[in-house]
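2 protein chains.
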Amino acid sequence: MATVKLSFLQHICKLTGLSRSGRKDELLRRIVDSPIYPTSRVLGIDLGIKNFSYCFASQNEDSKVIIHNWSVENLTEKNGLDIQWTEDFQPSSMADLSIQLFNTLHEKFNPHVILMERQRYRSGIATIPEWTLRVNMLESMLYALHYAEKRNSIEQKIQYPFLLSLSPKSTYSYWASVLNTKASFSKKKSRVQMVKELIDGQKILFENEEALYKWNNGSRVEFKKDDMADSALIASGWMRWQAQLKHYRNFCKQFLKQ
Amino acid sequence: MATVKLSFLQHICKLTGLSRSGRKDELLRRIVDSPIYPTSRVLGIDLGIKNFSYCFASQNEDSKVIIHNWSVENLTEKNGLDIQWTEDFQPSSMADLSIQLFNTLHEKFNPHVILMERQRYRSGIATIPEWTLRVNMLESMLYALHYAEKRNSIEQKIQYPFLLSLSPKSTYSYWASVLNTKASFSKKKSRVQMVKELIDGQKILFENEEALYKWNNGSRVEFKKDDMADSALIASGWMRWQAQLKHYRNFCKQFLKQ
Numbered sequence: 010m011a012t013v014k015l016s017f018l019q020h021i022c023k024l025t026g027l028s029r030s031g032r033k034d035e036l037l038r039r040i041v042d043s044p045i046y047p048t049s050r051v052l053g054i055d056l057g058i059k060n061f062s063y064c065f066a067s068q069n070e071d072s073k074v075i076i077h078n079w080s081v082e083n084l085t086e087k088n089g090l091d092i093q094w095t096e097d098f099q100p101s102s103m104a105d106l107s108i109q110l111f112n113t114l115h116e117k118f119n120p121h122v123i124l125m126e127r128q129r130y131r132s133g134i135a136t137i138p139e140w141t142l143r144v145n146m147l148e149s150m151l152y153a154l155h156y157a158e159k160r161n162s163i164e165q166k167i168q169y170p171f172l173l174s175l176s177p178k179s180t181y182s183y184w185a186s187v188l189n190t191k192a193s194f195s196k197k198k199s200r201v202q203m204v205k206e207l208i209d210g211q212k213i214l215f216e217n218e219e220a221l222y223k224w225n226n227g228s229r230v231e232f233k234k235d236d237m238a239d240s241a242l243i244a245s246g247w248m249r250w251q252a253q254l255k256h257y258r259n260f261c262k263q264f265l266k267q
Numbered sequence: 010m011a012t013v014k015l016s017f018l019q020h021i022c023k024l025t026g027l028s029r030s031g032r033k034d035e036l037l038r039r040i041v042d043s044p045i046y047p048t049s050r051v052l053g054i055d056l057g058i059k060n061f062s063y064c065f066a067s068q069n070e071d072s073k074v075i076i077h078n079w080s081v082e083n084l085t086e087k088n089g090l091d092i093q094w095t096e097d098f099q100p101s102s103m104a105d106l107s108i109q110l111f112n113t114l115h116e117k118f119n120p121h122v123i124l125m126e127r128q129r130y131r132s133g134i135a136t137i138p139e140w141t142l143r144v145n146m147l148e149s150m151l152y153a154l155h156y157a158e159k160r161n162s163i164e165q166k167i168q169y170p171f172l173l174s175l176s177p178k179s180t181y182s183y184w185a186s187v188l189n190t191k192a193s194f195s196k197k198k199s200r201v202q203m204v205k206e207l208i209d210g211q212k213i214l215f216e217n218e219e220a221l222y223k224w225n226n227g228s229r230v231e232f233k234k235d236d237m238a239d240s241a242l243i244a245s246g247w248m249r250w251q252a253q254l255k256h257y258r259n260f261c262k263q264f265l266k267q
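Which chain is which? The protein sequence lines are V and X, in order.
Heads up, the final residue of the first sequence is numbered 267 in my numbering, and it's a clean run with no missing numbers.
Heads up, the final residue of the second sequence is numbered 267 in my numbering, and it's a clean run with no missing numbers.
One should not assume that every hint holds.
No copy is singled out in the list; a pair is fine if it fits within one copy or between any two copies.
No farther apart than 27 Å at their CA atoms in a straight line, the calculated lysine-lysine pairs in the BS3-like style are these [stated by the list, open to error]: (1) 117 to 159; (2) 159 to 87; (3) 178 to 73; (4) 223 to 212; (5) 197 to 233; (6) 212 to 23; (7) 255 to 212; (8) 262 to 33; (9) 59 to 233.
Rather than coming from a laboratory, the hints here were simulated on the basis of the structure.
Next comes chain V alone, as it looks inside the complex:
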């Protein structure tokens, strides 16, 4: 009777973005039971206020990632999302910003899946910077708006996008293992370098010149390429997880039955 090693199951969890903790039967259950989401109209978001980055993409039949729209925006200035907001971090003003952002993302992209990188609770330094609290506020508000709308859509029996919270660690450890690189992912430079390699290696394609233009020439994008890299790594990594999960799920079912 064929058996499967725990280490192999842990590797599958890494390739599918799942948690690697637990016993063998728990990992098997997790791989077989985890939901598989649609990989079209996926909006990967690297949250920020002065550096809000999004990567809107889909997976084609060959499981390649096609980027439709990709940018980093400063929401405190004139921006490509036409959000008008004067920098004021009172709760009521942050609510205004989050409602504008929430409505704009839905109207502009009509996404099937929204991926938000989970905001760190502790920044590892002595005090949590004010900015972390502010971006936390934005994250919280976007979640509240999403789940309030989700409730309405359930009552009206209409389809509504998924909103998934991804841990930065799962995204970066995935890419480190797939690209077999020792580069430390906490370093912004290595993440930018990685996306360059994915583009050069045609692992990431572009639906239009404009999306690539911003990455290559965007005026202020130069210093903020890491935020663009992050939103692309979030979206493309997650879509590859779904493809892997489809594959390994069937493979693993055999071990559950026995």
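Mind docking chain X on chain V? Use the hints.
Relative to chain V, chain X alone:
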């Protein structure tokens, strides 16, 4: 030509919960232009998750505060607001908690004004405790839900409650000056003591026995009286500001005209 002293205007600002910073003409403008809100069906909230305290009250014709409903609830357990939530601080789970809380408060009280004590950004100690971040999340989510509903109500041209963010400092400095006490308001005990005095001095009245019962006999309320005291001080202090503002506004107009 009668003039008014800056110090007197600063005192008026303290009695009306307004900021005391700025020049004489700025303070005068602030006193005369600040909106006066209705003081019926006022819901004062001292935010918390394990200690969520609310004080639902109105001001009667003699400007006395009448408490209709007053409690402190642990939202992670069976509670008087019938909120069912298992303790999990992921954004999606916090969104569920805030939506339940938001809907319950509106359905149960149908408030005209909601007062929320502004959450501190910095706790003054080395790191911001996880709990501060969690309560910050709840605050942010409640604001987002409120302003999203407010937008809908404006579109449908229907009345919608006010949501006001109060700084703890303005509430406590007001009560310290009105009760002429040197007690330090950062001490929970002095705030509990103050509410006792207000109740004994019939400055705070009760519409029903039940609201007072919880303060005097609530099983777990004993150690959490300070949260009940805070929600009462928020609501009652704010209502007295409105009454004072009505009075001083007319008084101050004369100085503006000259």
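Outcome of the hint check:
Taking the shortest Cα distances, residue 117 and residue 159 sit within 27 Å of each other both inside one copy (18 Å) and across copies (23 Å). For the homomeric pair residue 159 and residue 87, the shortest alpha-carbon distance between copies (25 Å) is at most 27 Å, but the shortest distance inside one copy (30 Å) is not. Proximity of residue 178 and residue 73 under a CA criterion of 27 Å is satisfied intra-copy only: 23 Å inside one chain copy versus 56 Å between copies. In this assembly of identical chains, the alpha carbons of residue 223 and residue 212 lie at most 27 Å apart only when taken from the same copy (18 Å versus 64 Å across copies).
Within a single copy, residue 197 and residue 233 get their C-alpha atoms as close as 10 Å, which meets the 27 Å cut-off; across copies the closest is 46 Å, which misses it. For the identical chains of this complex, residue 212 and residue 23 are intra-copy neighbours only, at 19 Å inside a copy versus 63 Å across copies, given an alpha-carbon limit of 27 Å. Taking the closest pair of Cα atoms, residue 255 and residue 212 come within 27 Å of each other only inside a single copy of the chain (19 Å); across copies the shortest separation is 67 Å, beyond that limit. In the homo-oligomer, the alpha carbons of residue 262 and residue 33 lie at most 27 Å apart inside one protomer (13 Å), although the nearest pairing across protomers, at 77 Å, exceeds that limit.
In this assembly of identical chains, residue 59 and residue 233 lie within 27 Å of each other by CA distance solely inside one copy; the values are 10 Å within and 40 Å between copies.
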